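Take these sequences, add in the hints, and give me the full structure.
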Amino acid sequence: MDIPYTVQPRPDTGVYNAKVGMWLFLASEVMLFGGLFSSYILLRVAAAPGTWPTGWLSVPLGTINTLILALSAVTTLLAWASCKARMFDRYKLFMGLTLVLALVFISIKGYEYSDKLRHYEVVLKDGRIADGHLVTRNDKEVVLEGRYVQNHAELMNGRASHGKPHEEIRIETPQIQKIGNYGPAHNTFTAIYFVLTGLHGLHILGGIVVFAYLWGPGSRMWKTEPERFTNRIEVAGLFWHFVDLVWIFLFPVLYLT
Amino acid sequence: MASVTQTAPHAQAHGTHHEDPGFWRTYIFSIDHKVIGIQYGITALFFLLFGFSLMLMMRWQIAHPGEAVPLVGPLLAALLGDVASNGVISPDLYNSFGAMHGTIMVFLAIVPLAVGAYGNYLVPIQIGANDMAFPRLNMMSYQLYFLGGIIMFASFFIPGGAARAGWTSYSPLATTIPTDGQTFWLIGMVFLISSSLLGSVNIITTIVQLRAPGLTWMRLPFFVWAQFTASFLLLLAFPPLEVAGILQLMDRVAGTSFFLPTGLAIGGNLANVSGGGSPLLWQHLFWFLAHPEVYVLILPAMGIIAEIIACNTRKPLWGYKSLVYSAMCLGFISFLVWAHHMYLTGMGTKISTFFQTTTMIISIPSVIILTCLLISLWGGSIRFNTPMLFALAFLPMFGIGGLTGLPLGFSASDIHLHDTYYVIGHFHYVVAPGTIFALFAGIYFWFPKITGRMMNEYWGKVHFAGSILFMNLVFMPMFIQGLAGMLRRMSDGGVNYSSLKLQGVSGGLSPTIMGLNSFILWGAVGLLIAQIPFIINFFYSISHGTKVENDNPWEATTLEWQAPTPPPHGNFLTPPQVYRGPYEYSVPGYAKDYVPQNQPPG
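So the protein lines, in turn, are chains Z and V.
Residues 1 to 257 (the numbering used here) are what the first sequence spells out, left to right.
Residues 1 to 602 (the numbering used here) are what the second sequence spells out, left to right.
FYI, nobody ran anything at the bench for these hints, they're computed from the structure.
All values reported here derive from a predicted model rather than from experimental measurement.
A hint or two may mislead.
[What the hints assert, rightly or not] Covered, in the sense of this in silico footprint (three residues per stretch, anywhere, with C-beta under 8 Å from a C-beta of chain Z), are these stretches of chain V:
hint, segment
1, 51 to 57
2, 202 to 209
[Claimed, not checked] The following residues of chain V were derived to be distant from chain Z, with all beta-carbon distances above 12 Å:
hint, residue
3, R25
4, L147
5, A154
6, L249
7, K321
8, V367
9, A465
10, N496
11, K501
12, A530
13, S541
For every residue, glycine included, the Cβ atom is placed at its ideal position computed from N, Cα and C.
Okay, structure coming up:
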């Protein structure tokens, strides 16, 4: 039993089935990330003055990631075009490049995440606040590489803190009133940052899995059904371009504000 | 030309390269849309019964607070332990039942039945296709639904019990309740939402791409238009709830404060969270889905009613174009009304007025559809069989449900009615004697196509009589209770607000109002009893019902009735070619009073 229009497009709509399916799925993804961005807007606008941080994310790293994804969008398109031109070796090259770029992106993101999770804010019982990266932590003490600040509000402007001297800070455990890293629980900004980039990252990972399959074992279909295989590359490419587009919104909203 | 009975050759005829797939691939992991539709149907009917039984226990507690539930009390105590000690439903258990009743009925029963079962089974056949566009995705949709259902069901039996912050799961309560049941609820919802998403992509693609030659958009049966619109609603409205679910899950599990405001105190102590969140954000995200969701509940029902009315009046539907455009407008406007559930949150009069306006506007396409269906009866040659009885009853019942929504849609009157039993009466009228009657009608109507046998007509009428009587006895008093000020979700049935208890204080609930609780309980028990003939009829008729004499016992025009009975793998013996619209009944110049869509001209 054959389902029509899986490879050849239907004349009156001009598309094959999987393309319709992917565009519909992307519409739902727009609503998904749209919902998240709307939540960001509401939380940002509702934040009390002085409680929403700026400059906590590395703009150079974000810019590199943006360029990486933009380049991967080009290599994805070239991979599909190579299939259309029946140049399988070129396809392998461009798809392989896309995979490499995607893996670099996710590594940089992983580094950014680990940086946040190693960055601690410790409120001491005498009212001082220590802020810095974790060196060691055990039952007796916490050692940070950072600085003291007088109040919490000083930490809100990440750009102003650049270049301030760092020192080794030793804090004995009994002196600690509150300790926490810059993970999702830290404040609403880190919370929405981790969820937005985390969900985006999951989509990147999904794309990596699909691309890896299509580059590796899935590419066997090229020999028997090249047109159907080309359609798969096109549909996967559509998804990848969407994920890239989401990042184009994420970058200015999170990094440049 | 009399209706024929086509015997489908053995399933392997379509391709001799197929070996017998075996039990698992045929019945459990099937990719055939008909098997998947039946899987959805049976699972959904089970959850419908389960959700109904939760409600029965709740109604007992409301009418007899603090008394052990008869018959099932000991079972509750044995299964659930402390929350049901001595067979009495504790307030916590009552809240669980309430939250899960809503969740199960909406997400595990009605939508899977209306869209998963009806949509999956009928849409491909009605458009003349072999199957859905993505059969394997279809199977995955069902598996995700099934797993989501298991997670929801299992949540009753974990320590702490099931979710109990309402089907609406408002934060901060839902975030801070110390039961993993809330987390189970969120994870279950993620499964169900994913299932819905894949299903809606499938249905829309199928309708766009796989219509038979000659089946133009304006020749589609209204049922297909209804499923098309409902699928768009599911596709676009569910993701914000998925977002909300993820955020609430993060709040519960990762310590974030998306929905927790600064200064939140729990049990008198400042909560150890970062704060800065907004409980209103949850409400906006939730209702952004949940309002279009109710149109997902009603649109397939309207589609079913339309098919049954056209067939049983032997007349074309009145206003086909109006019906189609109204359905699409209904779908579109349904995205613009959500905050009418939030009038009392202090949003402000400007925003309330905006949503009040859109809510009033959305009643227009709704009424147009109902009116078209009503006018379709005029001058018809009406056959009062069981499906038609349910379909006819749908019209006034949905009318009551819709009209009682108006005082809720106006923000001024909603101040008095919000969160009262009036709301419960309103939405149950639309879904229970509304949608569920349509689903019953559809079961009686399409049963012969699926099984080759008719359900028993006499017991069908008994089922109908009992259902329509008791549905009204259960839900009509709720309007009266709501207008008197009885609030929702009170595990003691309102005893603490009764005038007997509040001696000398005005505004208490009178003994008459309180007495309606017992009345409703008896109505609910009657409603349960009325379903027994249906359940027996359903199972008995599968093997012992009167065999149909041909493929088209109702003498209907749409394509599913021109397919073999039951349709084989691939649905049609030869690919259909469509020549005419879906409701060519009583066409002058033809020998029979119906002309099938695939009958050639002349």
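Outcome of the hint check:
1. 51 to 57: violated (count 0)
2. 202 to 209: Since three or more residues must qualify, the claim that chain Z covers the segment 202 to 209 of chain V holds, with 5 doing so at under 8 Å.
3. R25: 14 Å, holds
4. L147: Holds: least Cβ distance 19 Å, greater than 12 Å.
5. A154: 25 Å, holds
6. L249: Given a closest Cβ separation of 10 Å, the condition is violated.
7. K321: The claim holds: K321(V) sits with its nearest Cβ about 20 Å from chain Z, beyond 12 Å.
8. V367: V367(V) is indeed farther than 12 Å from all Cβ atoms of chain Z, at 28 Å.
9. A465: Answer for A465(V): holds, closest chain Z Cβ roughly 43 Å.
10. N496: 35 Å, holds
11. K501: With a cut-off of 12 Å, K501(V) remains clear of chain Z, as the shortest Cβ separation is near 41 Å.
12. A530: 40 Å, holds
13. S541: Answer for S541(V): holds, closest chain Z Cβ roughly 29 Å.
Going through the hint list in order, the structure does not satisfy hints 1 and 6.
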